[in-house]
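Novice: The primary structure of each chain is shown beneath.
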Amino acid sequence: MRHAGKMAASMLGWALRAARQIFPLPCRGQVRGYYVDWRMLRDVKRRKMAYEYADERLRINALRKNNILPKELQEIADKEIAALPRDSCPVRIRNRCVLTSRPRGVKRRWRLSRIVFRHLADHSQMSGIQRAMW
Amino acid sequence: MKVELSSKKKFQLLKKLKSKKQTKDQPESLESASSMFQKATADSKAKRSKPLNPELVEAASAVASSLPFDRKRTVSDLLAQLRKHEEATDAQKRGETTNISNVIADMKIGKRRLNRGVSRPSSQISFDDDDVQGDMLQRGIRSEFAGSKRRGLHLGRRLNIFPVSPIVTEGTPEAESSPTLWDLEFANQIAAVNQKPPRNGFEEMIQWTKEGKLWEFPINNEAGIEDDVEFHEHIFLDKYLEDFTKQGPIRHFMELVTCGLSKNPYLSVKQKAEHIEWFQNYFQEKEELLKEIDDHKKETDLSLERKSLSE
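Chains as they are written, first to last, in my numbering: chain A, 1 to 134; chain B, 1 to 311.
This is chain A alone, in the form it adopts within the complex (with noise of 0.2 Å):
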């Protein structure tokens, strides 16, 4: 399961910003910590839960599809993973980028909105990212 550190940075101006601390952060000192917006807190919420769900939902999936167990076996397996809670499913995930919790046009490998993106490369903060030419 992959977390995304999702720190908020308002470099960049434009980004909302939460006035809610909820979780706090385990370094020392006094750091607050603010998602950009309120959906971005609850696709943390998200991913947490499909982290803890994840091996339950992996063996009641085993469970269901396949050919070898009696069918009725499988159709309570079917009502019990549809009895988990609805964040659990890892489907709920969507990859928002990290500094503007922009939905889409998410470049996956730096998990940054492509308006980010460009913003760093141009101000060469991206490292190994040049300008394409040929």
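One should not assume that every hint holds.
Computed Cβ-Cβ distance ranges for the label pairs, DEER-style [unchecked claim]:
#, chain 1, residue 1, chain 2, residue 2, range
1, A, R131, B, T180, 53 to 61 Å
2, A, Y51, B, Q195, 24 to 32 Å
3, B, F231, A, G128, 36 to 44 Å
4, B, K246, A, N61, 22 to 30 Å
5, A, C89, B, K246, 20 to 28 Å
6, B, S308, A, A54, 40 to 48 Å
7, B, Q195, A, A132, 41 to 49 Å
8, A, Y51, B, F217, 23 to 31 Å
EDC-like cross-link-like pairs, simulated, lysine to aspartate or glutamate; straight-line CA separation at most 20 Å [unchecked claim]:
#, chain 1, residue 1, chain 2, residue 2
9, B, K263, B, D227
10, A, K71, B, E55
11, A, K79, B, E285
12, B, K298, A, E72
13, B, K297, A, E75
14, B, K196, B, E211
15, B, K272, A, E52
16, B, K286, B, E242
17, B, K297, B, E277
18, A, K71, B, E211
19, B, K291, A, E56
20, B, K307, B, D295
21, A, K48, A, D37
22, B, K286, A, E75
23, B, K286, A, D78
24, A, K71, B, E86
25, B, K272, B, D228
26, B, K272, A, E56
27, B, K210, B, D228
28, A, K65, B, E255
29, A, K79, B, E292
30, B, K270, A, E56
31, B, K270, A, D55
32, A, K71, B, E242
33, B, K270, A, D78
34, B, K9, B, E58
35, B, K272, B, D301
36, A, K79, B, D227
37, A, K71, B, E255
38, B, K16, B, D90
39, B, K270, B, D227
40, B, K272, A, D55
No lab work stands behind these hints: they were computed from the structure.
From a predicted model like this one, the values you see are computed outputs, not experimental measurements.
Positions of the beta carbon are idealized from the N, C-alpha and C atoms, including for glycine.
Guided by the hints, dock chain B onto chain A, whose structure is given.
Specialist: Chain B in isolation, oriented as in the chain A frame:
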């Protein structure tokens, strides 16, 4: 016998003689000085239990002859000095310690003027290369106090001013019960205060390595994985299948599961065992259901056979 004196000793002797001469210069003190010396010699004669070494006496006389002063006087003075030294050594041998601590105990404590901060005039431009003073300034007064108290508070002779109270030994069992939230908070506070921002890139990297953000170099491929388990325990997982039934679809299913687990290099042996245990618990819970299913199946199979036979 000519004795070769070192220049230092010569100067010392000259000093002593000069001081005595000064006392001698005072008009009335001439006789008193001599009388003093006579008394001193008398006292020393009375005190010393053993006579001086004759060799020393000879050496003293030789020294006196080498010096340009009055011979008899110098001899007597030297002998007096020797006697004093002998008494001192005898006293130390016997165990009478010198009374310095006694003397100091009555003296007042002279305060040393601590030079807090830099005492250079502000008009002079000072360039602190390594920012050593900056560190000191940041730390403040505490470090200098620590330096001055390095000798410790409990060394030295006790003055017996205050009555000694019995040592309380109830502190330790209280601490063992459980560190309270206040203690934890206090510990955190101390740790936070002691942390300083890194002065350079190396210290930053050290901090990151301690936190776990940076790997340790040279890279250890097995960092974090402390598997002391051999390969056969990963592959041969049949021992966990002993509790299952030996026939039937469940056994078939579990054998497939173990086959998959044996090929999995990412899970530890514990995780694999947990996986199988979970399935075990699940099937145990559903035992009744499984029995019903079995019965139902048998009925349907029988009915199908009858139908096929009848046809």
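Novice: Take the hints in turn and mark each one as holding or not.
Specialist: Each hint, compared with the structure:
For R131/A paired with T180/B, a C-beta distance near 59 Å keeps the hint of 53 to 61 Å intact. The given range of 24 to 32 Å is respected by Y51/A and Q195/B, whose C-beta atoms sit roughly 30 Å from each other. Between F231/B and G128/A the Cβ separation comes to about 39 Å, which falls inside the hinted range of 36 to 44 Å. Distance hint for K246/B and N61/A: a CB-CB separation of about 26 Å, consistent with the stated range 22 to 30 Å.
Checked against the hint of 20 to 28 Å, the C-beta distance between C89/A and K246/B comes to roughly 36 Å, which is inconsistent with it. Distance hint check: the CB atoms of S308/B and A54/A are about 47 Å apart, consistent with the given range 40 to 48 Å. For the pair Q195/B and A132/A, the supplied restraint of 41 to 49 Å holds, since their beta-carbon distance comes to about 44 Å. One distance hint, 23 to 31 Å for the beta-carbon pair Y51/A and F217/B, holds here, with the actual separation near 30 Å.
Of the pairs offered as hints, the one joining K263/B and D227/B holds, with about 16 Å between alpha carbons and a cut-off of 20 Å not exceeded. In summary, the hint linking K71/A to E55/B is not supported, as the alpha carbons are separated by about 120 Å, beyond the 20 Å threshold. Simply put, K79/A and E285/B have alpha-carbon atoms about 15 Å apart, close enough for the 20 Å limit, and the pair holds. For the suggested pair K298/B and E72/A, the alpha carbons sit about 14 Å apart, so the restraint of at most 20 Å is met.
Distance restraint check for K297/B and E75/A: the Cα-Cα separation of roughly 16 Å lies within the 20 Å cut-off, and the hinted pair is therefore satisfied. Annotation: proposed proximity of K196/B to E211/B holds, straight-line Cα distance about 15 Å (limit 20 Å). Only pairs whose Cα atoms come within 20 Å are accepted, and K272/B paired with E52/A is accepted, the gap being roughly 17 Å. A threshold of 20 Å between alpha carbons decides the hint, and for K286/B with E242/B the separation of about 18 Å falls inside it, so the pair holds.
Between the alpha carbons of K297/B and E277/B the distance comes to roughly 27 Å, so the proposed pair goes past 20 Å and is violated. Of the supplied pair hints, the one linking K71/A and E211/B is violated, its CA atoms being roughly 50 Å apart against a limit of 20 Å. Between K291/B and E56/A the CA atoms are separated by roughly 24 Å; this puts the pair beyond 20 Å, and the hint is violated. The suggested pairing of K307/B with D295/B holds, with an alpha-carbon distance near 18 Å, which does not exceed 20 Å.
Our distance criterion of 20 Å between C-alpha atoms is met by K48/A and D37/A, whose separation comes to about 17 Å. Distance check on the hinted pair: K286/B and E75/A sit about 13 Å apart at the alpha-carbon level, within 20 Å; holds. Restraint check for K286/B and D78/A: the C-alpha separation of about 14 Å stays at or below 20 Å, so the hint holds. Taken as a hint, the K71/A and E86/B pair is broken in the structure, with Cα atoms around 112 Å apart against an allowance of 20 Å.
The hinted pair formed by K272/B and D228/B meets the criterion: a straight-line CA distance of about 15 Å does not exceed 20 Å. Between K272/B and E56/A the CA atoms are separated by roughly 13 Å; this keeps the pair inside 20 Å, and the hint holds. This hinted pair does not check out: K210/B and D228/B have alpha carbons roughly 25 Å apart, beyond 20 Å. This hinted pair checks out: K65/A and E255/B have alpha carbons roughly 16 Å apart, not beyond 20 Å.
Using a Cα cut-off of 20 Å, the hinted pair K79/A and E292/B holds, with the two alpha carbons roughly 18 Å apart. Pair hint K270/B plus E56/A holds up; C-alpha atoms about 16 Å apart against a cutoff of 20 Å. With a CA separation close to 14 Å, the supplied pair K270/B and D55/A stays within the 20 Å bound. Our distance criterion of 20 Å between C-alpha atoms is broken by K71/A and E242/B, whose separation comes to about 25 Å.
Proposed proximity of K270/B and D78/A is contradicted: the alpha carbons are some 27 Å apart, above 20 Å. Straight-line distance between C-alpha atoms of K9/B and E58/B comes to about 17 Å, which keeps the hinted pair within the 20 Å bound. Between K272/B and D301/B the CA atoms are separated by roughly 37 Å; this puts the pair beyond 20 Å, and the hint is violated. A C-alpha spacing of about 37 Å is found between K79/A and D227/B, which places the hinted pair above 20 Å, so the restraint is violated.
A hinted pair counts as satisfied when its Cα atoms are at most 20 Å apart, and K71/A with E255/B qualifies at roughly 19 Å. Of the supplied pair hints, the one linking K16/B and D90/B is violated, its CA atoms being roughly 24 Å apart against a limit of 20 Å. This hinted pair checks out: K270/B and D227/B have alpha carbons roughly 10 Å apart, not beyond 20 Å. For the given pair, K272/B sits about 11 Å from D55/A by alpha-carbon distance, which is consistent with the 20 Å threshold.
Of the numbered hints given earlier, the model fails hints 5, 10, 17, 18, 19, 24, 27, 32, 33, 35, 36 and 38; all others are met.
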